[in-house]
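Chemist: Residue-level listing of the chains:
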Amino acid sequence: MDYDVIVVGAGHAGCEAALASARLGLKTLVLTINVDKIALMPCNPSIGGLGKSQLVREIDAIGGQMAKTTNKTLIQIKILNIRKGPAVQALRAQIDKKEYEIEMKRVLENTKNLTLRQGTVDKILVKDGAAVGVGIESGLLFGGKAVIITTGTFLRGRIIIGEKDYPAGRMGEYPAINLTKNLIGLGFKINRFQTATPPRVDKRTVNFSKTEVQYGDKQPLSFSFWDEEKIYQSIECHLTYTNEKTHKIIAENIEQSPIKSGMVNTHGPRHCPSIDRKVINFPEKKRHPVFIEPEGTYTNEMYLQGLTTSMPVIIQQKIINTVEGLENARIIRPGYAVEYDYIIPSQLNFTLESKIIENLYFAGQINGTSGYEEAAAQGFIAGVNAALKIMNEQPLILTRDNSYIGVLIDDLLTKDLMEPYRMYTSRAEYRLVLRSDNADIRLSKFGNDIGLITNEQYKRVVKREKEIDRLISKLKASSLNPDRGNNIILEKMGTKPIDTPLSIYKLLKRPEVNISDVIDFTGDKRDNYDRIILKQVEIKIKYEGYINRQLSEIKKLESLEKYYLTRDLNYFKIVGLTYEAQEKLTKIKPNTLGQASRIAGISPADISILMLNLKGKLKARI
Amino acid sequence: MGIESTGTIVAIGTRPGEAAIGIVKLSGDRSIFIADKIFRSKSKKKLSGIDTYNMLYGHIIDNDGHTIDEVVVTLMKKPKSYTKEDVVEINCHGGIIATTKVMELCIESGARIADPGEFTKRAFLNGRIDLSQAEAVIDLVRSKTEQSLKIAAKNLQGNVKKEIKRLKEMILNVLVQLEASVDFIEEDLEITPYQKLTKKVREIKAEMEELISDEKKGEIIKNGVKAAIIGKTNVGKSSLLNLLSKKEKAIVTSIPGTTRDAVEEILYVEGIPLILVDTAGIRKTKSAIEKIGVDRSLKHINEAELVLLVLDGNRKFEKMDLEIIKKIERKKAICCINKVDLKQNLEMERIRKYFNEKFIIKISALKGIGIRKLENKIKALIMDNGDLNLEEKIIINSRHKNILKEVSSLLDSAEKAMKEKMSEEFPSYDLKTAYGLLGEILGETTRDDILDKIFSQFCIGK
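Note that the protein sequences, when read in sequence, are chains A and B. Taking the numbering used here as reference, the numbering of the first sequence is continuous, increasing by one, and the terminal residue is 622. Taking the numbering used here as reference, the numbering of the second sequence is continuous, increasing by one, and the terminal residue is 1084.
Keep in mind the hints are simulated off the structure, nothing from the lab. The beta-carbon is built from N, C-alpha and C at its ideal position, and this holds for glycine as well. Among the hints, erroneous ones may be present.
Stated by the list, open to error - If you want the footprint, here are the derived chain A segments under chain B, 3+ residues with CB under 8 Å:
| hint | segment |
| --- | --- |
| 1 | 80-92 |
| 2 | 143-153 |
| 3 | 288-300 |
| 4 | 426-437 |
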């Protein structure tokens, strides 16, 4: 064998997959159509956001790359939902796209065991039902013990602008035509999705005085748990709105929108609708927000978040010029839609290895997802598991109750995709526990076990956890006397005075009281404690009731996850299951009873039947 | 009973004994095959050869070729049958032997005896009815009164299901509002303020509270209310019972202590099924047998939801009366001053110390005086002055009620979170949990072995 792991594609999934595998000591080859386009960000110039930031922090906690590269190349960082609870807050960074590509390429090139090479893969080499390598269009063959496909939107990619369409993986790039045929030949079921991106305009032609300025946060922050938090110098974004003139132009030209003209029939993401779609679907809305975001420090290109369209370029220009502040804005590159093949992800295992061909993994947009972060999370899991399998180690399987990554993969494997899949906090039923702020505490043990998180790093997490517990006990033990002095302080804090002794722990449960206000009562100085520790203690105490409810719910449901369903089960032979259940279970072939219970159309009654009929055949995990 | 819905099941669907017909029911993949094996039709047709909802006339023949019974066989092919499986009903002549023999033949041919409730369970598992409808089947079978039958029939048609789905929808609407403001912050969405959402949550809760309070009425209709008649010996307790039930039941004499044992009678007072217990008169006694009677009386008092105390207006207030009054202090009680047709010697001011004037009624059990008034008081006490008119109401059972109570406290929690201005994800979590719990009423989501518990209440053959 030439290589241990071959990664096809060098986008966000490919990079994480290759780095994880190489860092675990395996000889890793990355093949990409163009080595100048590594970790490209073809759509929005930002990383993170709701649900997505949790994914990035989780990858980081287990030893992935994305958060680190983000820290190095961000030009603005802020906490979204700062007024809401900790579970739905999210970090988001504006990125210098070019810097990100350069930095990620530098990391790849300087990673031991990792080989980067240009080449368009057109076939997967399969022997005895297992992948053994790939072939590229030039005719060269590469042997590998595992192959990870992370080809994004390139499979039979087709770009559409107005009434024009042409084959392309991204704007100006060749698509991968042959690989799809090869995959279908191997027995994979393929479907098509569509996604689109807004036009970019020249910064010099935007009148920013007519827009609202959007600043970054001025407090110390870090995307990665392993870097120091710091205050970043930030570049502003701007906010403006569409208006009735905009909507009129869109309405007048709607027949030329590919979604109306029939040029695009596939499902696009509902969460990221084009402005054409917004105008059709929400006629009552007088305006839609448009965020003007810089594509980088050294470019004049500005991304128009909210103005996604694939109308003919002339109309795109007209639409833009109706918007306040954009009256004279000139398009540098137009918006476009891309339609591409994805493989139906229920054909995969929790390790992202395919069920049909052994040692063949799929990760990223090819699995029907959307977003850099969703792609990176899958790439990381596929890379780690391909490596672990080759090393004969236990796989790394994350679950819904420990991570957003677990939610992401479980959803992909279990639910029917109607549109490109994007993460939201509401997809995670245990989101009060799965927070961005505690991803290290939740997951770094996994990273340490497989060897991507060093012992020193892990010890730091354990130490912090202990300090958190110690401070909580301390706050429970110290109590406040109802004397005049204390009550004056309490009133100054804007909270009710007390007439009986009250523990500081209970005081902190009052909505209006903050941890930094009460720490003085313990006799300690605020500065003795790390900000991060104080924040964790505050969250744990303030939301204790809700968090505990969720934890006990997780405990209750764990039992179903412990039952593994074998792959060779013939559901049609299980009498009592409804036909619908038999069909769905056969199609998805769930790994655990828990997963089966989450399939739409599978009732609790079906689960009871499975449990009782298969008692002998079900394996309980030790 | 484990949940194991495999194979073809058989049961006798009618009550064993002498009757005009007896029905043996088969359900499952092999029903038609099994029936064809033991049945010879007059027309030589096979069940496998006829259309659904058709009947054949003929005979059941045993292995030796002997005719067991003359029968009519009905075929209901899947999915349009009670269980959504192939169902065959064999209408035999009534009687234990014929039906049992036919069932045995079915078992020899590959069917197995159905567990209690298994036919209905299959209807539920196969998705023909939801859990609330399956429960309605139990209630229908067990109905003892016309009104409870009406309720069960309505629930079988999906009365509860519709109501729960509506409540779920209402919760979902609030949830959507909360979630939108969490995950879609940059979409410029119009967010419904907490104040409006709290109002909605309160509305949902109010509707649930109504269901919960109506449940009690449903229970009264289904199970009746236990009431005890107590008093000293020979004050006219049995006469009162007779008057209420309008027929002679307990022995009425003037020898003290005739009613040594409690007499139970089910009767309707203003439409309320009253399980009335006429207790032995309470007095100090040395007779062992009578002592047992008195002890039992005390036990009945404890179990009763309503107590009718009978005092003799003709006699003076005695220490014994006071002792009895003390025993019923915590009970819902009506004090009946009997024998108003005779000279009144009872000191009313003493009685008024223990009873509200509203619940002191003068009657004559023998002459039938004051009976209407008494009946009205009974109704008022049981129904808490509410109405028993349940025609338009949705009546849930106690399992539903317990779930609704949990849901209701989650709604409280959501309301509290919103009042404290906690972030949306917290009330949202309360509501999501509530939403899931409501699904348990319909069997969409379940905990533990709730299905087993429900279906084990069935009689065999349903």
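Chemist: Would you say the segment 426-437 of chain A counts as covered by chain B, given the rule of at least 3 residues with C-beta under 8 Å?
Modeler: holds (count 4)
Chemist: According to a criterion of three or more residues whose C-beta lies within less than 8 Å of a C-beta of chain B, is the segment 80-92 of chain A covered?
Modeler: holds (count 7)
Chemist: Three residues minimum, CB to CB under 8 Å: does the segment 288-300 of chain A make the cut for coverage by chain B? Let me know.
Modeler: holds (count 3)
Chemist: Examine the segment 143-153 of chain A: at least three residues should have C-beta closer than 8 Å to a C-beta of chain B.
Modeler: With 0 residues closer than 8 Å to chain B, the segment 143-153 of chain A misses the three-residue bar; violated.
In this structure, the one hint that does not hold is number 2.
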